[in-house]
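Residue numbers (the numbering used here), protein chains in the order written: chain A, 1 to 369; chain B, 1 to 369; chain C, 1 to 369; chain D, 1 to 369.
For the record, the hints were derived by calculation from the structure and aren't laboratory data.
Each hint should be verified, as a subset may be incorrect.
To be verified - What the simulated footprint calls covered on chain A by chain C, stretch by stretch (three residues with Cβ under 8 Å from a Cβ of chain C suffice, anywhere in the stretch; the number is not a length): (1) 245–255; (2) 282–293; (3) 301–310.
It should be emphasised that the depicted structure is a prediction, and the values quoted were computed from it without experimental measurement.
Virtual Cβ for every residue (Gly too), placed ideally from N, Cα, C.
There are 4 protein chains.
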Amino acid sequence: MKDHEESLAALRGEIDEINEQLLALIQQRGELVLEIARVKQAGGLEGPDPEREADILRRLTAHADGPFGASAIRDIFKAILRASLDIQEEARHALMRVYASDLVPAGGILVGDVAIGAGVPVIMAGPCSIESREQMEEVATLVAALPGLRILRGGAYKPRTNPYTFQGLREEGLDILQETARRHGLRTVTEVLDTSTLDAVAAHTDMLQVGARNMYNTELLKAIGRLRKPVLLKRGFMATIEELLLSAEYILAEGNENVVLCERGIRTFERATRNTLDISAVALLKKETSLPVIVDLSHALGRKDIMLPCARAALAAGADGLMFETHPRPERALSDGLQQLDPTEFHHMMVGLGLAAEPVSSTAQGARP
Amino acid sequence: MKDHEESLAALRGEIDEINEQLLALIQQRGELVLEIARVKQAGGLEGPDPEREADILRRLTAHADGPFGASAIRDIFKAILRASLDIQEEARHALMRVYASDLVPAGGILVGDVAIGAGVPVIMAGPCSIESREQMEEVATLVAALPGLRILRGGAYKPRTNPYTFQGLREEGLDILQETARRHGLRTVTEVLDTSTLDAVAAHTDMLQVGARNMYNTELLKAIGRLRKPVLLKRGFMATIEELLLSAEYILAEGNENVVLCERGIRTFERATRNTLDISAVALLKKETSLPVIVDLSHALGRKDIMLPCARAALAAGADGLMFETHPRPERALSDGLQQLDPTEFHHMMVGLGLAAEPVSSTAQGARP
Amino acid sequence: MKDHEESLAALRGEIDEINEQLLALIQQRGELVLEIARVKQAGGLEGPDPEREADILRRLTAHADGPFGASAIRDIFKAILRASLDIQEEARHALMRVYASDLVPAGGILVGDVAIGAGVPVIMAGPCSIESREQMEEVATLVAALPGLRILRGGAYKPRTNPYTFQGLREEGLDILQETARRHGLRTVTEVLDTSTLDAVAAHTDMLQVGARNMYNTELLKAIGRLRKPVLLKRGFMATIEELLLSAEYILAEGNENVVLCERGIRTFERATRNTLDISAVALLKKETSLPVIVDLSHALGRKDIMLPCARAALAAGADGLMFETHPRPERALSDGLQQLDPTEFHHMMVGLGLAAEPVSSTAQGARP
Amino acid sequence: MKDHEESLAALRGEIDEINEQLLALIQQRGELVLEIARVKQAGGLEGPDPEREADILRRLTAHADGPFGASAIRDIFKAILRASLDIQEEARHALMRVYASDLVPAGGILVGDVAIGAGVPVIMAGPCSIESREQMEEVATLVAALPGLRILRGGAYKPRTNPYTFQGLREEGLDILQETARRHGLRTVTEVLDTSTLDAVAAHTDMLQVGARNMYNTELLKAIGRLRKPVLLKRGFMATIEELLLSAEYILAEGNENVVLCERGIRTFERATRNTLDISAVALLKKETSLPVIVDLSHALGRKDIMLPCARAALAAGADGLMFETHPRPERALSDGLQQLDPTEFHHMMVGLGLAAEPVSSTAQGARP
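Chain A extracted, bound-state conformation (with noise of 0.2 Å):
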């Protein structure tokens, strides 16, 4: 055993003066590697080459003809052509905006003169779609006598699923929506659609909703990079963190960097809940960006028997806001009638989140528990 112990010993000492040596020409390669990239620069010429790429390991994996295969070299070389794009792309980006630790300002990113982001959590409240005047009316009074709540949300371009439901009031939900708000001193959040009607709902709103639908259409991101509106980033119910990541990038990309991302539940196999309220999402995005981060409890949840116990979650995990759907009577909602919060059950979350003094009067006229 002795005798092995010092062959093993010496046979590692090779090792380490290979990786040693195998270290230094890879630095040297990087070197090579960012001189291509500023020539092509200077030059005018195309990135990255695939063929080029193709060739170097076809010629190297062509005879091999030592202890690695052609499968095991191709691998060892492909992960440093990877890294070899990834300093040609740091060079060239010096990094993706959304990555970027100076993104929001300390001061949050503002809807008007509410901050998002700088600390104290925002609750944005309303309904599911816009009905009508005296529905946004009932909305609008409740929201607004809550002191912490100053965003007020509700759909006037709906994305249903069917096309015989409710589709919205369109324009005139819009005005409805602006006029409501501008009455109670209130901020508006409202989903866009299409890039045809973009500028109608820019006009009417403080902020911007791209809902989970929409989050890989990059035609519309494009569109509302170009306007400087803050914008609400939903991700979509079947989309990774990173692709939430790089649909806030296309914003980005285009100088609109007032982007917030939510979080509203994604699609999985389990049904008790509408969708699964994916928390880690919540960690990783405040670690990953300096974006803000909210969560739509509505939309994860689908139901309101753990609402609180979920949006405490939500908080406690880093989150800098919560959405929820109230309505006043949700039983006659046009839409998403199981989610939402009808006003006594909306002013107890409130009171869970210690965002309402206990109600007195209210819970009087029969409240439910």
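Since the structure of chain A is already known, use the hints to place chains B, C and D on it.
Using the frame of chain A, we list chains B, C and D on its own:
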């Protein structure tokens, strides 16, 4: 035991009688529901009234003083209300178009002179992205040489996840596609991303494609519905089969009945394939609708080594056609290089599907197995 | 319009009357159903009879000659039959144990002298695998030094995916675990894989763990149910919440009510984390059952950099405890090296959760941030 | 531009030279790695040493002072270490058995005199649960009447989700299965749930089945590996293809090479089918291993109306056999009633697959279409 069985028989007789009474009452109730639908339509009144339903349920469950508790009573009456809603819906729409058996003429859906859904499997082939006139010329030559192949695909507008990757040649790509196809006597299909470029795309192609990322883009679906051009509607990788049918209904509802559905894999936990080809979706769509169904194998699998058996499976499950990505030099492709078949691989695929004769000269030149 | 509304009101009045008649008949039918259940029990006859139900449905739908078609009638009566089944079940089981509100005593479930579910969060910590006496000694010292920590975990029998990787020290591991814990005054939890080793494991540990891969192992669940030892039942990474509760019921039904549930992440399409921590499962389990719920953060996340915010979220959602993997030298661990906290990281985690004082000397020695 | 291209060519030449030097060093390093493996084996020393690897990476990344940062260097050397590990593994196992091309003899795997994987598709049919001698007699008569059918299935031990539902006839069921099959000249396959009942099950059946819930049950797999009886190993409904192959390796590693794999659908977000039949898994398994692959259509789909096209797809994808649940009176079945074919449906299925002649008399008696 005998006594027990006698009691049992007697009790069951009583239940049978009650069942008959319930049945009669329920049918009587159905007549009233239909009468209400007629009155509403005549009076231009709104359809179903959720508040009225909530009232009914509230009243019936207010004093649940029998063996069934409030929630059981609620469930039973919800079933009755749902069935009532269904017969009202039927009366209103005479069923959705997408489920109609007369939707597609016997000759199938025509893309120029190519019939889809008329009994002969249709192959659509071409590169992921249109990159140059030369590239398309090579692909078109390859496709046109095979007797059964008539539809050339290629992306001019590319919905890429990363904003810094190739976004397509756009207008120039449309022009290359149309011009190349015309010279080779081929028909074309290409993706449209947004309502703002719909007219331009429609003017340059025989068939529009709605990509997986746009399946929920209701504004785009409606706009396409107002045209009469054939559409290839791809299933979102996160969409249920029912959602795909409802997206098709958006197009049909506007009057465009030239819709072809496309299964292209769904996102699951499995990573051996890029997506999971949902073969039962093919069988199910063929059963639920008369619209033709094709399968995009390149996106479903993301790898080429198992494409032939999966293509055979798709046809065996009833698919009306298949879509493949093919590129003269996949290793140089500007997008999706790994899943595109090179000319030899594509020819082998067609041979394997019985759509081309065994290649002679090309194998001599060193074709891959 | 006036006339229409009057007709409407009249028709609705008629429907209301029919609803009342239906309600009365349904309750009357419920009485008969309960009577049948009593007769069957008295006579030792079998419970629900699917053939009888099939007969009923067949007869009622045989001549569907009203506005409701056979399938609507079938749906309505299925709702009635289901509700009938429910009240029979209630009569038989007086509900399942897992849903009973009196299941857990006020003092919680006792693992030795450690109470789980009694208001104070319980931390379980230790390495993935028991590897040696020295390793466990180091971990036990670390754990025992923190005032709130009393339960040591460690795997002796390891259910590894690959048969050629470390399978655990088995009997020897059990012995090390028990002996080390005893010396440090700690309680233990360790996994049992199979009925054949259940007795041995039970003799060496204070709490049995059923791993995620064994949640559906009904034979093992039944055997554990016949013991009185506390069990930590982990949710399968592919199991719905309802399935987890039914697995718990397997144990409860045999008489062992010392069950603690554990959420440990589910398998989804997202790969940024090893699994997706289902935070709403915690809230939902706390609502549906009185059994305590703990969260295994190491397996849920598979990465350490977002563990603290997720741990906070778990507690905020109502978890009764947390489980962490910790190892003296994770980079040397024989399994799951990437997700195990080293001593400094573990101490930081406890500080972050308010369960330990700010470390002084250890940071001086070069702790990681 | 000319100058730039010249500079580019020169730089690329330099890179090519470095590539060659890297290649030579890497192969030299490979020789040392293999030598170390030999020394360790001779000395009975442990295999790969994670600490040593961690040391190497730490040292190489300690002073990353070139263009590649520490994390890029780490990635490249990880690729080298992984490849080194791979060639060591190859040296140790001469590859895993499951990937060996000589695993299955030309005559296939024999279940009695029935060969699976020998070119002719094998059908396994029978009820979900064995319920009585009469029921099995009827099924066996049906199966034995069809010339190509030789394997009878039926569950004696049932792994049910709910503890209060039928758990199988257990020993009595085994006896019924064996006795009925013997009289009809059929072979049998039935599920084994646990090591404690393995011997009893093995004594009564020709082929053991490991169910989807037990695919990760390593203790059971090892115990089965020590027998020589054929095994049908079902893929877990949330297991990757690689995990299925590793579970098979557990059995193979113990010496039992009579393993047949079974795809039975995976759990996804889609609910139109009970699970999602993963057809590409069939193609992939056929490519990766020489073990036969069969498809369980009843569990994959959970519905009968699309079973025939999916069965055709499974065979087209290369499946060596199919499994169906069939029951004399599915509406009376004690489990899985909805997905079991009644005798007429089963006969139609066999006709549709070309495995039976067109039924004459039975259709006259009122068969379902």
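Against the structure, the hints come out as follows:
1. With 0 residues having a beta carbon nearer than 8 Å to a beta carbon of chain C, the stretch 245–255 of chain A misses the requirement of three or more and the stated coverage is violated.
2. Only residues whose C-beta sits within less than 8 Å of a C-beta in chain C count toward coverage, and the stretch 282–293 of chain A has 5 of them, enough to reach three; the restraint holds.
3. Coverage of the stretch 301–310 of chain A by chain C holds. Counting CB-CB distances below 8 Å, 5 residues qualify, and the rule asks for three or more.
Violated hint: 1 only; the structure is consistent with all others.
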